[in-house]
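J.: Given these sequences and hints, build the entire structure.
2 protein chains.
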Amino acid sequence: MTERLYLYDTTLRDGQQTQGVQFSVAEKIQIAQALDALGVDYIEGGWPGANPTDSDFFEARPQTRAVFTAFGMTKRAGRSAENDDVLAGVMNAGTPAVCLVGKTHDFHVTTALGVSLEENLSAIRDSVAHLVAKGREALFDAEHFFDGWKANPAYALDCLKAARDAGARWIVLCDTNGGTLPAEVFLIVQAVIAAGIPGDRLGIHCHDDTGNAVACSLAAVDAGVRQIQGTLNGLGERCGNASLTTLIPTLLLKEPYASRFVTNVAAETLPQMVRISRRLDDILNRVPLRSSPYVGASAFAHKAGLHASAILKDPSTYEHIPPEAVGNARVIPMSNQAGQSNLRARLAEAGIEVAAGDPRLARILEVVKEREDQGYAYDGAQASFELLARRELGLLPEFFEVKRYRVIVERRRNRYDEMVSVSEAVVVVKIGDRKVLSVSESFDGDAADRGPVNALARALGKDMGPYQVSIDDMRLVDFKVRITQGGTDAITRVIIDSEDGQGNRWSTVGVSANLIDASFTALLDAITWKLIRDGVRVG
Amino acid sequence: MTERLYLYDTTLRDGQQTQGVQFSVAEKIQIAQALDALGVDYIEGGWPGANPTDSDFFEARPQTRAVFTAFGMTKRAGRSAENDDVLAGVMNAGTPAVCLVGKTHDFHVTTALGVSLEENLSAIRDSVAHLVAKGREALFDAEHFFDGWKANPAYALDCLKAARDAGARWIVLCDTNGGTLPAEVFLIVQAVIAAGIPGDRLGIHCHDDTGNAVACSLAAVDAGVRQIQGTLNGLGERCGNASLTTLIPTLLLKEPYASRFVTNVAAETLPQMVRISRRLDDILNRVPLRSSPYVGASAFAHKAGLHASAILKDPSTYEHIPPEAVGNARVIPMSNQAGQSNLRARLAEAGIEVAAGDPRLARILEVVKEREDQGYAYDGAQASFELLARRELGLLPEFFEVKRYRVIVERRRNRYDEMVSVSEAVVVVKIGDRKVLSVSESFDGDAADRGPVNALARALGKDMGPYQVSIDDMRLVDFKVRITQGGTDAITRVIIDSEDGQGNRWSTVGVSANLIDASFTALLDAITWKLIRDGVRVG
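In the order they appear, the protein sequences are chains V and C. If you read the first sequence in the UniProt record's numbering, its first letter stands for residue 1, the second for the next number, and so on. If you read the second sequence in the UniProt record's numbering, its first letter stands for residue 1, the second for the next number, and so on.
Each hint can be trusted.
One copy or any two copies: either way a pair holds, since identical chains are not told apart in the list.
In silico lysine-lysine, DSBU-like type, Cα no more than 30 angstroms apart, as pairs:
hint	residue 1	residue 2
1	K369	K303
2	K369	K480
3	K403	K430
4	K150	K303
5	K313	K150
6	K480	K303
7	K369	K403
8	K161	K313
9	K480	K462
10	K313	K303
11	K462	K403
Hints were generated in silico from the structure; no laboratory data involved.
T.: Shown next, in the form of structure tokens:
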């Protein structure tokens, strides 16, 4: 017997409270479409009337299978629900569902709101009844419910009952400050259900202030709630909300949830999880967190030598789920802790089969070690590692040769006596018999400018003849530089992350006493790897 | 009645399995000292004999109050504990405690290890007995314990009993693959204790593959274990280990833990948490995660308007703990009240006394905020912060003016047909009425060369007239670059560490769309700070 579990996404509302996040209307539309494709049950779009973006978004909102929901707050004291202009703004968005937040903690009612406990109960009752009368599906977000319960359980419960009796479809227990721990959540939810609020009308809304947002959500489900509120990638106020990116794979793949519940997310959709997570980071121009459960680039990276060799015998030895179930991939990074078995597995993933015991394996490991002694780090630069191995195996085509390059950065006064910077890069490349000179410049006010490295990247990518099609959609997405120790001298290590139009992301490394040389080496590797990945022939 | 709870840190061992992390011996020493100051009970330093860094570190390890622990694995089949050279390598490190990992999941014993179940039990028994016989405190890491228990509880338990009977002080239940959920952990730990392994000899070791590492650790404590293994900032294999940075504040500040347990972390040490967390990120050149529980820069940021206005009435309305308890600070957009006392303390550290309420304090905070919006980060660049404050306070002399500069990096073939790089920097500075043009070049084979930034530093430091005496002993010792977000555009942040002959070390920051500009800004700050520190007069 499976039970239905509902997923309520608040990326577009609580997720917008993330420090540094500010969605545009167009971005909200893109995210709403991605959420709908994923299969969440509810999409909370924002607070119509609270700011121009949210108001505009509700006018422009896309058609969705998910129930579109507007957020607002219960009516204020001293006026009726019909005459509250803030509530009217929310209703005017015309969504099939409306979620209103209201107080349930006596301290907040008197301190933050400054009204009597009875006035607050009426506000909940009247506001929810108003939604129902207008034919909307009504949700009540019980703000600070867990703290409220601990302070005054009778009053907190009265608030829930007011919403229940007024016809709220869902009563959502919110741990607004994020301080409640999972064991407490479990016990309090049990008590609430025992007191007469049915679990199939209860939702849970958690924050990650103690690192337990996911666990608290699961504890609430264990105790009987049947709706989970969360956000993609755990965006949200302060430390964020419960991450649906983490919760959805757990609910679909792990017991007891997989057998016990059914959600609106189809099993076939689950392998889109990595792509959806990256898409959101992309929209927000955030660097994806490598260590994210399920979807992080390191989530299935096996660095320990013992783990890596066991994985080769049977992946389930060190993986709790198959990475492909969520659209992720196994990574066996190279480092001086790994051995030949890692190496063969990593090569096999790149489509290069080498027999066990092949003497070239030892040679590759030797070169890796030499290079690591020089300051290279292949652990975070798989693409460069792959090229190194290909070189040793005689599988690296010479697509082009760099004859020379020059980059100039100048800072001086312009004719208006303002200090301005200009970067200019010249790259001379030989492709087959053809010699190509490319130049690129960038200057203050050029939004795309990131200085000399970007100027070099642009000059290099300007005219690659037969390769141009393949490299046209490449872009540099991250760039890390460290002074490190190579032998006795300080040297510079540069790691560049690149991305293409298909969402592939790869990392390359360059090392030199000269920062620009190191960057250029990493750039060349990035291009070469892309040409190999695309199966491009030497032109 | 409080009970003792032990904290076991594995940042230097399991934390080293983080993709992209490679500690040097010097870094391991710094981290060990920070951990010891924090008050963890055990510091697991690595696996002596497994790689040169770990071996060297154990020889150079600092004196600590914490019990220094070497990690290794149980003896291999077919030889005695005395004759296992891998185990001997671990023992030779001479640590007071040794932690050996061994199998407890029957599938792993036969598949990954390829030995009989009985042989594995002997390996555990003999290895632990060997440690005890040599006078070491013995810890047994029960690898894959939870999966093992689910597959074959009798055998998994036999493994624990073998370690217990051989005299292991701690038997650590490891959820190696990170797939076990908190409710399962609770039930299994309860069953283990009921089966005769005392809770005060049990530890827990969790990974974050389902986002539950912290919750699983707490569930294990709830069920009776008395040792928690974790890492700073949750570093570790794949998605990371349980974060001690999160767990320690929870254990010390939140109920039921705060009243029920006592740890070796002093209450006075807790406000160091943010600093220690940042220090680790700094060593690893990682961008601190803003959303980290307790220590993240956003952990107490109140963006929602309703929250921010309630916070002003009473901070406990939207904060589960006071931010200063962990050394963090409240962030309220549009309100700089919270920052002023911090600011005065920071200025006092730099020898600048400003009276409380001085209107310039508000102005400084505003400028810091503007600058941080542009991508500056003053946390790791105290010298630049000091200069900013001095500027606003009218305490910053104008020592010199940079009129213009130019740097060229060229890579081409030399007369011997070898590829060589040359950097050339020209800097034009005005000191008083004197205009000084300086040029510096660097090329391959020049050991001191670090490319364009060093060339600029050398040109700048070549002829500073009256200031030359003060800056002659300055050198650039570290250089960190990140692409970050400033407004809507990607920009580059450079942090430069400088050192002088007296061993002073200071950090400055520069931000620009252009890497070289950003570096130059940081260089100028570095020189200016040195001139102020040396009490140099404007010449």
